[in-house]
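S.K.: First to last, the sequence lines map onto chains C and G.
Position one of the first sequence corresponds to residue 13 (the numbering used here), numbered consecutively onward.
Position one of the second sequence corresponds to residue 250 (the numbering used here), numbered consecutively onward.
The set of hints was computed from the structure by calculation and includes no laboratory data.
Glycine included, each C-beta is placed from N, C-alpha and C at the ideal position.
Misleading hints may appear alongside valid ones.
Under 10 Å between C-beta atoms, here's a sample of chain C residues computed to sit facing chain G [stated by the list, open to error]:
{"id": "1", "residue": "Glu-66"}
{"id": "2", "residue": "Pro-88"}
{"id": "3", "residue": "Phe-89"}
{"id": "4", "residue": "Ala-125"}
{"id": "5", "residue": "Ala-137"}
{"id": "6", "residue": "Val-168"}
{"id": "7", "residue": "Ala-174"}
{"id": "8", "residue": "Ala-181"}
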Amino acid sequence: MSDYTRADVCAAAIADAFAEDGEIFGSPMGLLPMLGVRLAKLTSNPDLVISDGESLFLAGVPPLFAKADVVEGWIPFRRVFDVVAYGKRHVMMGATQVDRHGNQNISAIGDFAQPKRQLLGSRGAPGNTVNNRTSYWVPRHSSRVFVESVDIVSGVGPARAAAAGPGAAKYNDIHRIVSNLGVFDMTGAEHTMRLRSVHPGVTVDEVVAATGFELDIPAQVDTTREPTFEELTIIREMLDPKGLRFREVPEPEEATA
Amino acid sequence: MSRRPRDKTMSIDEVIGSLESGMTIGIGGWGPRRKPMALVRALYNSDLTDLTVVSWGGADVGLLARAGKIRRLVYAFVSLDSVPLEPNFQRARQEKSIPEVVELDEGMFQTGLKAAAERLPFLPMRAGLGSDVLVNNPWIETVTSPYADADGAHEELVAVPALRLDAALVHLNRADVHGNASYLGPDPYFDDLFAMAADRTYLSVEQITDTAGLTVDTPVQRLLLNRMMVTGVVETPNGAHFTNCVPDYERDERFQKAYAKAAGGDDADWQAFHDRFLAGDEAAYQDAVKAFNEEADK
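The following block holds chain C by itself, in its conformation from the complex (with noise of 0.2 Å):
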């Protein structure tokens, strides 16, 4: 089945990145977050734990942005705190800076006293990375986002994380960063951002013009897995039949041509 598109790859991959959490809370942040999320609960991770975003843990996988399901708990915004100090959790968060030390920004663009552009505020991102399992999702790789580095630090990588010590760097655990062109991981040198793949089409080359520092690439990198005809059926025909996917992941140009 060679008819997939770049959403459904992304949606692949960030499911993979939950596929070995066990029975924890995957909680994303964002629409390619929450399919991905939602179509690892239906495949390689049943026992994830999930909700609406809202205040529920739903016991069945509905589709995107759907009101109505079974009800297993009660998740309303103070007990996700306590569920992040807990450390049962993998968030994935968006990213408007990222930077090679895996550090996030959400918080404002420039100088923090008086911001080019404030954005939401740093969030729940400081007490994430150093608390439960963090991943980024990126949904336009661009050396703007990809910085040598960040504006503000909201989200704390492995390096910021060790400098605070012990009680920042123990539960530290920035796992993938997601974007449309490709995965990455910290496992590069002194913790820093690592191609892991490529998405299919996608060249290194691309990834690295649209990467604004220095990324560690291996010797040998592979291509983002396809995904299967089990996962296209259910993204399409169960948890995205509207396509919303697209309008975060549009099919690039050269693919369509």
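Model the placement of chain G on the given structure of chain C, informed by the hints.
M.R.: Chain G in isolation, oriented as in the chain C frame:
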């Protein structure tokens, strides 16, 4: 003399009249959800200045920033959800019109409220370590654990300072006149913590009922506030508008869009929005919203 507990019903004006410039005011709800907007609108129109505002920020922060009410803002985020970035807040930050900002991690924010609610000077936690939250707020200290962990190391943790409040403003679904109150939606947010962190708590509600009515068709676990925590109660139907107050109503997305457009536009755009919706009292606001929605429905 009545043998019942005190009747604490107040008007919006009485609540605002009891506040003073320079106070630290906590605002309950969460982002664009169940915000005490009727009280916030009255604050926006008041003479009060130099406020420290502590909020899981939504349009409450945007409005008060736009009106120049905020001297110091304590937040972890400011967002309208379906409009991710709050234009009035963004503008205030980018123009540096809020003299002091304290951007915390969300968990730190909750922990600061907990510390205040428990009358502790601080509580320890990991959140903030290694991040720029500690760089941008150098007054936040760390504390070394007096207990060794398994490796024999003594962990250094953030000493999250108590977020003590002079007053808290919260909005719930139902209350009696004494200040016992329930939320009927899926999430309590942190309104009980705000109330306990504050010297005084002013509660607005969709509906005041008699005490027995609070549990007649609702589980007792939904009673989030009890009267010990509450100074005054205001009945303000649709008082969380344009944020949500489920199950009474969902967020008014159409109105929120109009707000965001005006806030993100030029001064004339905002002035027009202000004149139409915010210049009068709460009754005038509700009438203007009704007219806006009737017009948009045509």
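S.K.: Taking the hints in turn, state whether each one holds.
M.R.: These are the hints, each one checked on the structure:
Taken as an interface hint, Glu-66 (chain C) checks out: its beta carbon lies about 7 Å from the nearest beta carbon of chain G, inside 10 Å. Interface restraint check for Pro-88 (chain C): the shortest CB-CB distance to chain G comes to about 4 Å, inside 10 Å, so the restraint holds. Hint on Phe-89 (chain C) holds. Least Cβ distance to chain G is approximately 6 Å, under the 10 Å limit. Of the supplied interface hints, the one on Ala-125 (chain C) holds, with its beta-carbon coming within about 7 Å of a beta-carbon of chain G, less than 10 Å.
Contact between Ala-137 (chain C) and chain G, as hinted, is supported at the beta carbon level, the nearest pair being about 7 Å apart and thus within 10 Å. The interface hint given for Val-168 (chain C) is met, as the beta carbon of that residue sits about 4 Å from the closest beta carbon of chain G, less than 10 Å. Hint on Ala-174 (chain C) holds. Least Cβ distance to chain G is approximately 8 Å, under the 10 Å limit. Hint status for Ala-181 (chain C) relative to chain G: holds, with the closest Cβ pair at about 8 Å, below 10 Å.
Hint compliance for this structure: every hint is met.
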